[in-house]
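Visitor: Could you put the whole structure together from the sequences, leaning on the hints where they help?
Residue numbers (our numbering), protein chains in the order written: chain A, 1 to 406; chain U, 1 to 258; chain L, 1 to 297; chain Y, 1 to 354.
Warning: the hint list may mix true and false statements.
Derived DSS-like pairs (lysine-lysine); straight-line CA-CA distance at most 27 Å [to be verified]: (1) K209(L) with K2(U); (2) K6(U) with K209(L); (3) K250(A) with K68(L); (4) K280(Y) with K346(Y); (5) K209(L) with K9(U); (6) K14(L) with K94(U); (7) K143(A) with K323(A); (8) K58(Y) with K14(L); (9) K9(U) with K104(L); (10) K176(U) with K209(Y); (11) K62(Y) with K75(Y); (12) K58(Y) with K168(Y); (13) K104(L) with K6(U); (14) K367(A) with K49(A); (15) K143(A) with K155(A); (16) K58(Y) with K26(Y); (17) K68(L) with K46(L).
Just so you know, these hints were derived from the structure itself, not from any lab. Given the structure is predicted, the values throughout are model-derived calculations rather than measurements.
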Amino acid sequence: MSEGPDERIEVGEGRRNFLKIAVAGAAALAVGGAVGYYAREGEVTALKKRVEELAAQVGVEVGPVLEENLNIYNWTWYANLALVEQWAEENNIHLVYDFFEDLDTAISTITTGAAQYDLTVISDNEAQELWEGGYLREIDLDKIPNFKYVPEEFKGLPYDPDNTYSIIYSYGTTGIGYNADFVPEGITAWADLFEVDNPDSVIRRHAGKVTMMRDSTETLAAAAIYLGYDIDTTNESELQRIADLLIAQKPYLYGYVQTEDYMNELPVGQRYYISHAWNGDIAGIVYASDEYEVYIETYYDNIKYVVPEEGAVVWYDNFVIPKNAQNIEAAHAYINWFLDPVVSAIHTITIKYPYPAGLKYVPVEIKNDPMIFTPSELADRLYLGRALTPEERAIREQYWNMVMTA
Amino acid sequence: MKLFDKILKAYTYTVLALIYLPIVILIIFSFNESRSKVVFTGFTLENYYSLIGNYRVWDSFYNSIWTGAVVTVVSVVLAILMAYGVSRYEFSGKTLIDSIMLIPIIIPEIVEALTLLVFLVIIGIELSPYTVIIGHVAFDISFAYVVVKARMAGYDPQFEEAARTLGADEIRAFTKVTLPILAPGIAAAALIAFLESYDDFIKTFFTRPPGFMTLPVYIWNMASRRGFPLDLNALATFVVAISLIFAYIRNRIERRVY
Amino acid sequence: MNVADVIRRSRRLKLFIFIGIPMIYLLIFFFIPFLIALLYSLGMFKQVVYQYHFVPEPSLEYYVGLSKYPGIFKAIQRSFYYATLTTIGTLLISYPLAYYIGVKLEERYRDLAVLVVFTPFWINFLLRVYAMRFILHEAGMVNTILRLLGIITEPIRFLGTDVAVIVVMIYSYLIFMVLPLYGVLEKLNVELLEAAYTLGATPFRAFLKITLPLSIPGILAGSLLVFIPAVGEFVIPELVGGPNTTTLGTIIYSFFLRVRGVTGWGIGSAAGLIYIAMILVASYVYMRFVGGEVRLG
Amino acid sequence: MSYAVELINISKYFGDVRAVDNVSLKVRKNEFFSLLGPSGCGKTTTLRIIAGLEEPDKGIVKLDGKDVTYVPTHKRNIGMVFQTLALFPHMNVYENIAFGLRMRRVPESEIRRRVREMLEIVRLTGLEHRRIHQLSGGQRQRVALARALIVQPAVLLLDEPLGALDLKIRQRMMVELKRVQREVGTTFIYVTHDQTEAMVMSDRIAVMKDGVIQQVGAPYEIYMRPRNRFVANFIGEAINMLEGTYIEPGVVETSIGNVRVEGGAEYVGRRVAVAIRPEKILIGEEVSGDVDNVFSGRILMTIFRGAFVEYRVDVAGFEFIVFKPHVGGLARIYQAGDVVKVGWIKEGGILLVD
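Guide: Take a look at the structure:
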């Protein structure tokens, strides 16, 4: 497997040098040095200086007086924390930036009402369930002038048509990642993973080297797309067909694994090398991205990601403000800051997840990587989940449970 | 007999070696240059520099230690009271209490964590590090109880009576005689209670206030999507080293009373 | 009589201090929340945003709902299977270890030995499990050594199998068996053994008739501390197991966090309560069984 | 004069079991007093009541004339040596002995001095740093004794402390205990089921049965003048117990014929027993004309017991046990089958009613 840097990218000295990145055609933003704390200090200062310059160029305005505290609750590996900390410092905000790693636990935290977060990031249908359930506070778009930088296609999405409660954070798809060293013929469709009766199919030829997600929503949806059903079907005969399909597939799987597992295993390929996966995570492998460091370097160009021909689940993560939030102004200010195109761009370069508001300033290598920015021509075969009631989820869990214990 | 003792000794060292094997792996990879956690590519101290600068790790490490210590003290004290009461006094419902004390160990943690959270909301207690402690103590009492009670099973009450005939009141008889004799059991209970708290993720995750991280919460968050950063290996190395040094020093300086 | 005398003389007051205080703590912070779970399982608790309401209309709907999950029985079986093997494994490995440290080792080294055994457990659980994963990996240490020794040519697959689950579970739970056993064996009176030898017992019989029965409280405590949490374990099977690793813990977890809402919490609580009842019964039977052996001995 | 220990109508129940039944007892100062009885007779409970480890359900406990019924153990100024000794395993010899003084907050220098003295008294000097499990049984005994004595208790309670020792050491320890008691002059109350221990050491003995005190007295009194059949049987190695009816003053009718007894005229018409200690019985030529009771018997068995010879003599179906010192040579010893006379003076018989 190759670990060499991609040729498209301008390389500095040494293997882990940080790259000079063209930002808005202006002067290059140089960040780097040795790793570690002192390095990050320098990095933050450099970033701060750049952000100030760029902010002056695009005209970011100073907002209203903010509260002293802000409790943010977000996924791990989902923002450049150096930049976030710098923002807090500049605005004299005591920032609590808290992580979750599993949306289910995060939603339970928010809905029981014990923990008070001012701002969190929740996916599409879950966000809808939350605002319908009365757990979210309306967002005042007047306090977020940078909302105008959000491209139109990310405004008014079906789960919140007027952006009353949510503002796009990032988005992506759930497809198939694989190690091309072991699968030179490539993968194009769900059929490759589900046609277990065809001895020439990918799954038969690579039996035992394939994983599906240990996530009922995603894996049921994958089978549903292959069978041509609604990804959130609650029709029991359809669910039965889905379960049958998954059970038939099961003997040819390595197992149902979690993100961390396939992210570590795909590049090695010893246990398995084809995984039902999220695009951003595959990008995370390829670029070995970090929470602090701004660089573009390809670590594993043999790792590929594909949105299957039949279609795939698309998901949108959103800023939302929980009902019991205390520091409303600060939350709005943070959203506004994040939607600043330059800020969004830096986050994108750091994390390798697309933050739509920054598209304009993202280097072309990233902008053109379909693994990060899902190409718009795929739009008609992407399926967005809908809000489900607990009863509906209970039915789906039944069939998932059937698969898992078969 | 001699041969048997030798076999036993060899066995013990073998088991110890096996227990340490995964730790050795962690330590080796803490010096790995590559981001890969499977293949060792070259020696570096980079992970240690990055660990030094990672204030979130230190914060959560510190939180884990101090909450764990408080949890251990409180739950072991309560467990000793309980085990002592059950072993010393006859009263109706004793066997019932014995079974009841198992429930906090049995209950699936997620049920326990969420219902405690609901309860805290209902009675209006705000989340704080103390709610984490409260939650941990609630199941740690049981863990400690089971261990202390096992040790107490063979404890002869005549020791305590002897102390009383020698002029010790009940409290001093308990602290000067009963406690020291039970000490190995109590130490075992304390270690178990501490470990349960120190390793707890689910309950901590739900009962903590925003931003309050313990080491497991930090590691779970960091590890479960991207695989843990190698500076955590460096932390593991650091912790093992400290622990072994501490054990060694303790053994050297402590003049045991018994 | 002064206050101290009142305390001394009042059995009730003593019982209150010893049993009452811990029980009050558990009552407030464990059993009342536990009651909430009970109410949820009976459909008697509803949440509206951040308000919680008591609904005095019990129903068994969620218990009945559980029966729709055909996999639950298999999950229970699997949970008990893992837990039983883990308990036996930890017991077999720990006993000689604890015996060596608690009985054979010179007294002044015992504390040190216990700390040395404990040290690996200062490492976070997850890191330990990941480290085990590297060892059991197809390219990991075990396979490498076997290959170098020429025992195998193709790597053996451990990860994704029950072998890995049980090995990792035994590793993770080992200390919970070692410590109680040590706590009990340490106070074993060696003279009793010597007395038995003088009475003509072989070392093996002396062990069987004296050491073993006397260490029963430790075996019991250790087994409970390993078996009970092991039945609920679902993280290790998910991290190192294969496609068929759903345990009861997984299912309860998914009810609470995935299905969510009153329904999810209701079914989850019902499953949790049935689970608790099952383990109480299993533990009771086990304790009787082990206790019975004492009487036979 | 006040007594060291005084029990007044003490009763103690464990559930329905009456462990101690209306016991009254007076133990004099500086006395070596034993509570003797079979296991389960309530002697240990009585001792624990004196120690304050049990509370009596009824009655009063006085120590040194003061009512201490409700005074906690640690304020009673007693010492106690337990059956299991209960030496603290987590302390060495020195710490064990010093424990009581520590509890009384005696200055360290004085503790050192007194422990040294005490070690001398119990002859353990040089072992102060030994751990308990490194000591022999006899040494542990001494540590336990020293630990209890060092606080200079008004009364020392000993609960079968010699039970676990083998015979030789036990015999040595008995003498040792008596010596120490003389030396320190403390009141000892000693609980045992072994009459030898009680006989050897005690100034007075209380014999207990079923929670009731049967008799209190000096060893020779209890031996020579047991108050009832139980005491007569329990004390001494053996006794010949002739059951019968008191028919007229001085005469008891028994299965072997009428037996002359001393006194007891008030018992006429009642069932009584005449008990004769084996050594009081004269045999063969010893039986002269002025012996009150003379019977003819046949030797069933001759047992050489070392210091004396034991004969089993059949008299009209009753088997007498007779102990005889062998003053002369072997020729003077009767053999099985010999027909001999046996007899005793009436003062040698003990008239028992209960």
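Visitor: All the hints need checking, so say for each whether the structure fits it.
Guide: Hints, one by one, checked against the model:
Proximity of K209(L) to K2(U) is assessed by CA-CA distance (about 21 Å); at most 27 Å being required, the pair is judged to hold. Between K6(U) and K209(L) the CA atoms are separated by roughly 22 Å; this keeps the pair inside 27 Å, and the hint holds. In summary, the hint linking K250(A) to K68(L) is supported, as the alpha carbons are separated by about 22 Å, within the 27 Å threshold. For a cut-off of 27 Å, the pair hint linking K280(Y) to K346(Y) stands: about 10 Å separates their Cα positions.
Straight-line distance between C-alpha atoms of K209(L) and K9(U) comes to about 23 Å, which keeps the hinted pair within the 27 Å bound. A threshold of 27 Å between alpha carbons decides the hint, and for K14(L) with K94(U) the separation of about 15 Å falls inside it, so the pair holds. Using a Cα cut-off of 27 Å, the hinted pair K143(A) and K323(A) holds, with the two alpha carbons roughly 18 Å apart. Between K58(Y) and K14(L) the CA atoms are separated by roughly 23 Å; this keeps the pair inside 27 Å, and the hint holds.
Our distance criterion of 27 Å between C-alpha atoms is met by K9(U) and K104(L), whose separation comes to about 9 Å. Distance check on the hinted pair: K176(U) and K209(Y) sit about 37 Å apart at the alpha-carbon level, beyond 27 Å; violated. Restraint check for K62(Y) and K75(Y): the C-alpha separation of about 13 Å stays at or below 27 Å, so the hint holds. Of the pairs offered as hints, the one joining K58(Y) and K168(Y) is violated, with about 41 Å between alpha carbons and a cut-off of 27 Å exceeded.
A C-alpha spacing of about 10 Å is found between K104(L) and K6(U), which places the hinted pair at or below 27 Å, so the restraint holds. Of the supplied pair hints, the one linking K367(A) and K49(A) holds, its CA atoms being roughly 24 Å apart against a limit of 27 Å. Our distance criterion of 27 Å between C-alpha atoms is met by K143(A) and K155(A), whose separation comes to about 16 Å. Proximity of K58(Y) to K26(Y) is assessed by CA-CA distance (about 17 Å); at most 27 Å being required, the pair is judged to hold.
A distance of roughly 23 Å separates the Cα atoms of K68(L) and K46(L); the hinted pair therefore holds under the 27 Å criterion.
The structure shown violates the earlier hints numbered 10, 12.
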